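Trainee: One letter stands for each residue in the lines below.
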Amino acid sequence: MTKPESEWTWKELPAGTVMLEPGNADQYRTGDWKTLKPVLNKELCIHCGLCYIYCPDMSYNLNAEGYFIADLFYCKGCGICSKECPTGAITMVVEGEEK
Amino acid sequence: MGKRVGMEVSIAAAEAVKQCNVDVISAYPITPQTHVVEHLSELVANGELDAEFFCVESEHSALSVCVGSEATGARSFTCTSSQGLALMSEITYIASALRLPIVMVIANRTLSAPINIWNDHSDVMSIRDCGWIQFFAENGQDVYDHMFIAYRVAEAHEVLLPVIINMDGFTLSHVIEPIELVEQEKVDKFLPPYQPLYRMHPDRPVTMGGIALPGIFAETKKAQEVALWSSMPKILETWKAFGDMTGRYYNPVETYKTEDAETLLVIMGSFGETASAAVDLMREEGRSVGLVKIRLWRPFPFEEFKKATLGAKQLVVIDRAVSIGGPGGPVASEVKSALYGEVMHPVVYNFVAGLGGRDVSPADFIKMVDKAEIEIEEGNKEGYEIYGVRE
Numbered sequence: 006m007t008k009p010e011s012e013w014t015w016k017e018l019p020a021g022t023v024m025l026e027p028g029n030a031d032q033y034r035t036g037d038w039k040t041l042k043p044v045l046n047k048e049l050c051i052h053c054g055l056c057y058i059y060c061p062d063m064s065y066n067l068n069a070e071g072y073f074i075a076d077l078f079y080c081k082g083c084g085i086c087s088k089e090c091p092t093g094a095i096t097m098v099v100e101g102e103e104k
Numbered sequence: 042m043g044k045r046v047g048m049e050v051s052i053a054a055a056e057a058v059k060q061c062n063v064d065v066i067s068a069y070p071i072t073p074q075t076h077v078v079e080h081l082s083e084l085v086a087n088g089e090l091d092a093e094f095f096c097v098e099s100e101h102s103a104l105s106v107c108v109g110s111e112a113t114g115a116r117s118f119t120c121t122s123s124q125g126l127a128l129m130s131e132i133t134y135i136a137s138a139l140r141l142p143i144v145m146v147i148a149n150r151t152l153s154a155p156i157n158i159w160n161d162h163s164d165v166m167s168i169r170d171c172g173w174i175q176f177f178a179e180n181g182q183d184v185y186d187h188m189f190i191a192y193r194v195a196e197a198h199e200v201l202l203p204v205i206i207n208m209d210g211f212t213l214s215h216v217i218e219p220i221e222l223v224e225q226e227k228v229d230k231f232l233p234p235y236q237p238l239y240r241m242h243p244d245r246p247v248t249m250g251g252i253a254l255p256g257i258f259a260e261t262k263k264a265q266e267v268a269l270w271s272s273m274p275k276i277l278e279t280w281k282a283f284g285d286m287t288g289r290y291y292n293p294v295e296t297y298k299t300e301d302a303e304t305l306l307v308i309m310g311s312f313g314e315t316a317s318a319a320v321d322l323m324r325e326e327g328r329s330v331g332l333v334k335i336r337l338w339r340p341f342p343f344e345e346f347k348k349a350t351l352g353a354k355q356l357v358v359i360d361r362a363v364s365i366g367g368p369g370g371p372v373a374s375e376v377k378s379a380l381y382g383e384v385m386h387p388v389v390y391n392f393v394a395g396l397g398g399r400d401v402s403p404a405d406f407i408k409m410v411d412k413a414e415i416e417i418e419e420g421n422k423e424g425y426e427i428y429g430v431r432e
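From first to last, the protein sequence lines stand for chains D and R. Counted the way my numbering counts, the first sequence spans residues 6 to 104. Counted the way my numbering counts, the second sequence spans residues 42 to 432.
Hints are computed from structural coordinates only; laboratory data are not their basis. Note that this is a predicted model, so its numbers are computed, not measured. A portion of the hints provided could be inaccurate.
Simulated DEER-style distance windows between Cβ atoms [to be verified]: (1) R:P255 - D:I51: 38 to 48 Å; (2) R:A197 - D:E17: 13 to 23 Å; (3) D:P61 - R:L238: 27 to 37 Å; (4) R:D91 - D:G84: 47 to 57 Å; (5) R:G256 - D:P61: 45 to 55 Å.
We treat Cβ as the ideally placed atom computed from N, Cα and C, and that holds for glycine.
Model the full assembly from the supplied sequences, consistent with the hints where possible.
Mentor: Written as structure tokens, this is what we have:
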């Protein structure tokens, strides 16, 4: 596990700032870019998975109950899932104002 | 001692590339660089050099290919001039920041407009701060020798930086000179196969060229700047090793008849030989004039330069590029920076000469020294002009 960028000194950087650990982008919290977050109404959800397919950041994961849920650590709040949902089950709400 | 052969300097450069046993050559033709890569393409086509020769559609792609090939651990070479370098400039910054030890020869030519295919240093000065080690060659032997030196320095793990060898277009690239060749066995010993520190390989994946956010970008630049400064000991060590092998020793700053000289000419590149002839003529007349030749432009050898010049009364710095709207020529700027901290330092008088291939003869150097000495005597301590312009 690589450390946060704020803890690196210039002397520790590998030559050419080569990243030696593959896949470290998963440590990058893109979730704090959003102003709106997706909220799922489970009563309308038909488990079609279009939100999962369309999500450009692969934020959606299937949970144990069979629902696709956005991981808010990565979700940038783009709203594509809400737009594509055929039953209108996903609503974009202002963070902190959801009921 | 190696065989001494009369050959065009571009061909000698290409032969040196062959002797370095490069894996990849990628280039786009532009005058006056063409003979170097033409000869290399012949060597590859004839099976004399086992390398991939990429015919790309632009110089931007030429260097991009080298970035990619070097990242896989392949020894790579490119060569360009002028507008080609300008088109390539974006990638020059990437090659150095990714610490890829590419070697490039620039057959120096001015930049348009007006269009002009002849020599000055405008092209390389446009990428002065691109983070490459930069040599200026005085003659064909310099160009040939520095190919081996460049790869050995570039690929050292404590360096890992790309290197530019500046060769004045036509003045060097297209003249035939006696070149003393280095035997292949010696080259092989001097320059072992490249062992990359990190490389693109499926067995051990790494990411090169990732994003750096504001929280870490400054650290990457500090690391890069320290790397360029740290290359200095390796350059000196490599010149020494090359000298021990061939008898030809090189220095960051070369001096000629500078002992007790009151006036020193300061130049870079092929001006060196002509200026030496001018110094000989002036010395014959009993004038106290010497010559300082800057061979290493980046990292700039501040200490060696000060050592070579601090005893003089005045420096006549002859640039081959203009910094339009700036303080004169780029070399004079550097020289002034080098001397600023010294309590007692020589007066710096700056000429720009030889733009767009205009000949600068020994008589011209003497005229410039005459003019500078008179002007300084009359109290003009900030002299700067483009020499020989018709009013």
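Trainee: Run every hint past the structure and note whether it holds.
Mentor: Against the structure, the hints come out as follows:
Under the hint 38 to 48 Å, the C-beta atoms of P255 (chain R) and I51 (chain D), about 43 Å apart, fit the expected range. At about 21 Å, the beta-carbon gap between A197 (chain R) and E17 (chain D) stays in the expected band of 13 to 23 Å. Evaluation of the 27 to 37 Å hint for P61 (chain D) and L238 (chain R) yields a pass: the beta carbon distance comes to about 35 Å. Distance hint check for D91 (chain R) and G84 (chain D): the Cβ-Cβ separation is about 56 Å, which falls inside the suggested range of 47 to 57 Å.
Between G256 (chain R) and P61 (chain D) the beta carbon distance is about 24 Å. The supplied range of 45 to 55 Å is therefore violated.
Hint 5 from the earlier list is the only one contradicted by this structure; the remaining hints agree with it.
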